[in-house]
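**Q** Take the sequences, apply the hints, and build the full model.
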Amino acid sequence: MADLKVYIITGISGSGKTTVAQAFEDASFYCIDNMPMELVPKVLELPIGESSKVNGAAFVMDMRSKTFINTFVSGLSALEEMGVSPVIIFLEADIQTLVKRFSQTRRHHPLDDGKNLLDSIRTEKQSMASIRKLAHQIIDTSHFNVHQLKAKIQYLVSQDTGSQTFMKLHIMSFGYKYGIPVDADIVVDVRFLANPYFVPELRPHTGESDAVKAFVLENPETKTFLKKYNNLIDYLIPLYKKENKAYLTLALGCTGGRHRSVAISRAVFERLIKKGLNPSLQHRDIDRDIKEL
Numbered sequence: 047m048a049d050l051k052v053y054i055i056t057g058i059s060g061s062g063k064t065t066v067a068q069a070f071e072d073a074s075f076y077c078i079d080n081m082p083m084e085l086v087p088k089v090l091e092l093p094i095g096e097s098s099k100v101n102g103a104a105f106v107m108d109m110r111s112k113t114f115i116n117t118f119v120s121g122l123s124a125l126e127e128m129g130v131s132p133v134i135i136f137l138e139a140d141i142q143t144l145v146k147r148f149s150q151t152r153r154h155h156p157l158d159d160g161k162n163l164l165d166s167i168r169t170e171k172q173s174m175a176s177i178r179k180l181a182h183q184i185i186d187t188s189h190f191n192v193h194q195l196k197a198k199i200q201y202l203v204s205q206d207t208g209s210q211t212f213m214k215l216h217i218m219s220f221g222y223k224y225g226i227p228v229d230a231d232i233v234v235d236v237r238f239l240a241n242p243y244f245v246p247e248l249r250p251h252t253g254e255s256d257a258v259k260a261f262v263l264e265n266p267e268t269k270t271f272l273k274k275y276n277n278l279i280d281y282l283i284p285l286y287k288k289e290n291k292a293y294l295t296l297a298l299g300c301t302g303g304r305h306r307s308v309a310i311s312r313a314v315f316e317r318l319i320k321k322g323l324n325p326s327l328q329h330r331d332i333d334r335d336i337k338e339l
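Mapping to the numbering used here: the sequence shown position 184 is 230, numbers consecutive.
Source of the hints: derived by calculation from the structure; they are not laboratory data. All clues stand as given, with none of them false.
List time: in silico DMTMM-like cross-link candidates among lysine to aspartate or glutamate, alpha-carbon distance up to 20 Å:
id	residue 1	residue 2
1	Lys-51	Asp-79
2	Lys-274	Asp-235
3	Lys-269	Asp-235
4	Lys-214	Asp-72
No experiment lies behind these values; they were computed from the predicted model shown.
**A** Structure follows, in structure tokens:
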């Protein structure tokens with residue numbers, strides 16, 4: 047229990063708590079939104095931290111709960127008695143920014159009981175002042191966009207836990223005759239290369255066979271293409287990571303998705319493995335011609 051990293055995400059309505067919770071989820075944290083403080087100890091009694099895939103727990107709580115202010119300090123004491131010392135992240139923004147965000151989302155303020163929006167925001171800021179003083183991290187999100195706020199949280203989590211959030215990289219071969227993958231981010235057509243399909247002794251085999259690999263990869267045009275393509279991918283991957291993209295799918299297609307695209311996707315995959323990027327590989331249509339005969 048004491049080893050479980052626990053975060054409490056709180057702050058002013060409209061300051062970005064939902065975005066922060068999503069960043070924690072991307073970092074493999076167990077997250078609950080609108081969590082009553084008095085229930086946190088009971089949740090932490092569950093075997094949350096037993097999975098190696100869970101880095102900790104993050105709870106979003108604020109004045110949507112009518113008992114939030116009155117139970118917050120006693121709830122912290124209860125957690126400390128359990129040996130849990132949560133990190134409190136308090137989010138805020140200037141009034142002008144909050145008014146703009148509420149206007150854009152067209153949502154009601156949680157303290158809207160007949161007051162106008164400005165009065166509700168001011169009341170909440172005053173009520174939350176005591177909670178703000180307890181925070182370990184105070185983040186003013188007035189000038190953050192969604193991606194910048196996620197990056198800020200990912201940095202804090204990596205500093206606290208020593209873990210990093212990695213973009214999931216997926217390599218896919220496919221056949222154009224069966225359609226472009228709907229989840230592909232970068233699509234490259236390799237039908238300009240010589241086709242093993244027209245070599246009788248290679249036609250029955252796939253791009254995973256040594257013979258087809260040799261035919262495709264030893265082609266001078268393939269070598270030139272792979273050099274240029276790999277340079278492009280090396281340039282783009284860090285930029286996608288910088289924008290906090292959770293998934294990046296590289297799709298390479300040939301006519302049937304059985305020979306050229308398979309061999310090249312395998313070559314790209316193995317190179318990225320050597321670079322420590324831990325991609326996954328899928329040959330979407332490698333046996334489709336055979337299955338549909």
